[in-house]
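Given the coordinates of chain P, work out where chain U should sit on it, guided by the hints.
Number of protein chains: 2
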Amino acid sequence: MAQTVFVPKESLADEGRVAASPDTVKRIKALGLDVVVETEAGRASRILDSDYETAGARIGSASDATSADVILKVRRPTTEEIAAYKQGAIVLATMDPFGAEEALSAMADAGLSAFAMELMPRITRAQVMDVLSSQANLAGYQAVIDAAEAYDRALPMMMTAAGTVPAAKVFVMGAGVAGLQAIATAKRLGGVVSATDVRAAAGEQVASLGGKFIMTEALKDASGEGGYARELTDDEKKAQSELVAGHIAKQDIVITTALIPGRPAPKLIDADMVASMKPGSVIVDLAVERGGNVEGSKAGEVVVTKNDVTIIGHLNVAGRIAATASQLYAKNLYAFLETMVDGESGSVAIDREDELVSATLLTHGGKVVHERFGGASTEA
Amino acid sequence: MAQTVFVPKESLADEGRVAASPDTVKRIKALGLDVVVETEAGRASRILDSDYETAGARIGSASDATSADVILKVRRPTTEEIAAYKQGAIVLATMDPFGAEEALSAMADAGLSAFAMELMPRITRAQVMDVLSSQANLAGYQAVIDAAEAYDRALPMMMTAAGTVPAAKVFVMGAGVAGLQAIATAKRLGGVVSATDVRAAAGEQVASLGGKFIMTEALKDASGEGGYARELTDDEKKAQSELVAGHIAKQDIVITTALIPGRPAPKLIDADMVASMKPGSVIVDLAVERGGNVEGSKAGEVVVTKNDVTIIGHLNVAGRIAATASQLYAKNLYAFLETMVDGESGSVAIDREDELVSATLLTHGGKVVHERFGGASTEA
Numbered sequence: 249m250a251q252t253v254f255v256p257k258e259s260l261a262d263e264g265r266v267a268a269s270p271d272t273v274k275r276i277k278a279l280g281l282d283v284v285v286e287t288e289a290g291r292a293s294r295i296l297d298s299d300y301e302t303a304g305a306r307i308g309s310a311s312d313a314t315s316a317d318v319i320l321k322v323r324r325p326t327t328e329e330i331a332a333y334k335q336g337a338i339v340l341a342t343m344d345p346f347g348a349e350e351a352l353s354a355m356a357d358a359g360l361s362a363f364a365m366e367l368m369p370r371i372t373r374a375q376v377m378d379v380l381s382s383q384a385n386l387a388g389y390q391a392v393i394d395a396a397e398a399y400d401r402a403l404p405m406m407m408t409a410a411g412t413v414p415a416a417k418v419f420v421m422g423a424g425v426a427g428l429q430a431i432a433t434a435k436r437l438g439g440v441v442s443a444t445d446v447r448a449a450a451g452e453q454v455a456s457l458g459g460k461f462i463m464t465e466a467l468k469d470a471s472g473e474g475g476y477a478r479e480l481t482d483d484e485k486k487a488q489s490e491l492v493a494g495h496i497a498k499q500d501i502v503i504t505t506a507l508i509p510g511r512p513a514p515k516l517i518d519a520d521m522v523a524s525m526k527p528g529s530v531i532v533d534l535a536v537e538r539g540g541n542v543e544g545s546k547a548g549e550v551v552v553t554k555n556d557v558t559i560i561g562h563l564n565v566a567g568r569i570a571a572t573a574s575q576l577y578a579k580n581l582y583a584f585l586e587t588m589v590d591g592e593s594g595s596v597a598i599d600r601e602d603e604l605v606s607a608t609l610l611t612h613g614g615k616v617v618h619e620r621f622g623g624a625s626t627e628a
Numbered sequence: 249m250a251q252t253v254f255v256p257k258e259s260l261a262d263e264g265r266v267a268a269s270p271d272t273v274k275r276i277k278a279l280g281l282d283v284v285v286e287t288e289a290g291r292a293s294r295i296l297d298s299d300y301e302t303a304g305a306r307i308g309s310a311s312d313a314t315s316a317d318v319i320l321k322v323r324r325p326t327t328e329e330i331a332a333y334k335q336g337a338i339v340l341a342t343m344d345p346f347g348a349e350e351a352l353s354a355m356a357d358a359g360l361s362a363f364a365m366e367l368m369p370r371i372t373r374a375q376v377m378d379v380l381s382s383q384a385n386l387a388g389y390q391a392v393i394d395a396a397e398a399y400d401r402a403l404p405m406m407m408t409a410a411g412t413v414p415a416a417k418v419f420v421m422g423a424g425v426a427g428l429q430a431i432a433t434a435k436r437l438g439g440v441v442s443a444t445d446v447r448a449a450a451g452e453q454v455a456s457l458g459g460k461f462i463m464t465e466a467l468k469d470a471s472g473e474g475g476y477a478r479e480l481t482d483d484e485k486k487a488q489s490e491l492v493a494g495h496i497a498k499q500d501i502v503i504t505t506a507l508i509p510g511r512p513a514p515k516l517i518d519a520d521m522v523a524s525m526k527p528g529s530v531i532v533d534l535a536v537e538r539g540g541n542v543e544g545s546k547a548g549e550v551v552v553t554k555n556d557v558t559i560i561g562h563l564n565v566a567g568r569i570a571a572t573a574s575q576l577y578a579k580n581l582y583a584f585l586e587t588m589v590d591g592e593s594g595s596v597a598i599d600r601e602d603e604l605v606s607a608t609l610l611t612h613g614g615k616v617v618h619e620r621f622g623g624a625s626t627e628a
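These protein sequence lines are chains P and U, in that order. For the first sequence, the working numbering begins at 249 and goes up steadily by one. For the second sequence, the working numbering begins at 249 and goes up steadily by one.
For the record, the hints were derived by calculation from the structure and aren't laboratory data. Some hints here could point you the wrong way.
Remember, identical chains collapse to one label, so a pair may be satisfied in a single copy or spanning two.
[Said to hold, decoys possible] Cross-link-like lysine-lysine pairs, in silico, DSBU-like; alpha carbons within 30 Å at most:
#1 K435 to K498
#2 K277 to K526
#3 K486 to K257
#4 K460 to K435
#5 K417 to K615
#6 K498 to K257
#7 K435 to K417
#8 K615 to K486
#9 K615 to K554
#10 K274 to K460
#11 K435 to K277
So that you can see chain P by itself, here it is in the shape it has in the complex:
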């Protein structure tokens, strides 16, 4: 009998994404697995139950989780969800594992093989499985749409019979995947775009999108592991901050995207800088879930300061364009799942020698096995 893949409706409030699309359902079926999708799982991502059925899935209910061999999820399963899964089940999700020791133990105790998709190594073979990139790209896009919606002026220059409307000045801090898409989208909308990053290599990418790259002389390069930045020294921070302070007072829209892996997000904008901005300016803090890049940003809230600057701190920004986010996320998961399916038997097998597996497998055989979370090695 074929093994079964289950795709639940996400239980977290405001999570509109879903871990499979009609396209990936078809592909999983082609690998020899059965697929059961919980009813309405795709609704908020604009996928109808009938779309999944046409692709070959059976529409089921939450209770179908109990017999599934593989569970595809967006978010880490809750305690209730874990309790329903059968021993030995494979779970692929964004597990948000840092500081989640209790949840990891629970998954280990339940005998799950839990994979954290966000720990996928940034190597060529795994690009198609890179959920951080696929979702950050969309967050960068949506950040500009959210900013444009909140902004009380038009972004493009407009030459009208009643005079010329100047283009908005948009400043993007952090030119990683999210930042580059924010630059591209702001350019599309006609903004005058500048950007900064502590990694010197970002300069060329910013310029290729038509943005002006701004970097302090004091800082040669702060590239770190996996394409992220390292933390700056105090002197570097000070020089960067002075540069930013002068620039930010002239901006209409600022989008911050700076993250350092495993650490709180760096503070890039302090209250004085916010106070220096014109009324009606908009800041989008994409790092707000990790503590925020902006003094005064609040997770899940839109704050208006005393000088009428709007600071947007939406959570789960990729989830704000759930339909596209799900399409790409589903493909990321499918691509990884495919590597674990044995072509002959059509069953899923975990090869712990595979570097993709060792990088992402959190729990297995009743234990936390990932070295960064107290597994095999004790390195933190």
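Frame of chain P; chain U shown alone:
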């Protein structure tokens, strides 16, 4: 003593626009008039009291209306506001005069010279005073921003490691000022844009913006007065409707902008067409204040249909980008005011022989004088 121009804070809830900008204050001063701006009048348009002061205005309170010779407003004055104005005062505003006989009588009884800016003739000399165009342009822009914000997918095509995201299909109905800006903005954002209009001349303009023009063969041309469309015959309506029905089912975003002067907006999209659209599709009905182009749209509301189509019916869409809207509106009013100021004496005089005056003057000398509202001529 110089005559005084007063700029109040708009009293209507959710009206963020203001009828003067620092730029127009400076220009009005240069004409020899004094300017008093009510405190916080510009706040929602991101203009500080200090900005007006720097431009030469005095910051006052609502009670300064009583001594003003000219009042610049966005909306028609309320009964309370009218009571405060002195006899003979000139009021420039969008008066929304159709069906507002009571308000017109009140302004006449108060001895006001009330001008309806939206009746400005569409002639070359008056382009700079055309409030309908300046505000419709911004409404067209904002309609696309509102649609993009509500839409659960990205608008541009995106080629990513996890697959290609298709571009959104955007359909604009009515290619007047608002429609053309909607086409331009949707193109900027990467949408695949088509448009329709009953005026044949619109085809070239749509094409020049990169949109695909769609028009039924049965309809050669329905251009009417002042650049607007005439009402269609029943046969024409039917042919147009069949064309639209087939097209609309494939669209992701639809923006409707069709108005006929002095009549309710034409119904372009019926409930069956809405029901034919995919879940997650977004319709923006820019004609909702005039009855709407879309069956099921509601003034001031965002409706989600049973098949998960979002119908946006925001009122005062230009007011949703108040800062830019005020900049252009203020310029429109200034340009008209300037034509009424005598260069020698620096005082405002109404020349009823001027075609701009005769087209826009509603009340004067204690009477309703505009021929379309029961004045001199009785034509309706």
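Do the hints match the structure? See the list:
{"no.": "1", "hint": "K435 to K498", "in the structure": "both (18 Å within a copy, 28 Å between copies)"}
{"no.": "2", "hint": "K277 to K526", "in the structure": "between (55 Å within a copy, 25 Å between copies)"}
{"no.": "3", "hint": "K486 to K257", "in the structure": "neither (46 Å within a copy, 43 Å between copies)"}
{"no.": "4", "hint": "K460 to K435", "in the structure": "both (11 Å within a copy, 23 Å between copies)"}
{"no.": "5", "hint": "K417 to K615", "in the structure": "neither (52 Å within a copy, 49 Å between copies)"}
{"no.": "6", "hint": "K498 to K257", "in the structure": "between (45 Å within a copy, 27 Å between copies)"}
{"no.": "7", "hint": "K435 to K417", "in the structure": "both (10 Å within a copy, 20 Å between copies)"}
{"no.": "8", "hint": "K615 to K486", "in the structure": "neither (44 Å within a copy, 69 Å between copies)"}
{"no.": "9", "hint": "K615 to K554", "in the structure": "neither (51 Å within a copy, 47 Å between copies)"}
{"no.": "10", "hint": "K274 to K460", "in the structure": "neither (44 Å within a copy, 34 Å between copies)"}
{"no.": "11", "hint": "K435 to K277", "in the structure": "neither (41 Å within a copy, 38 Å between copies)"}
Hints 3, 5, 8, 9, 10, 11, counting from the list given before, are not met by this structure.
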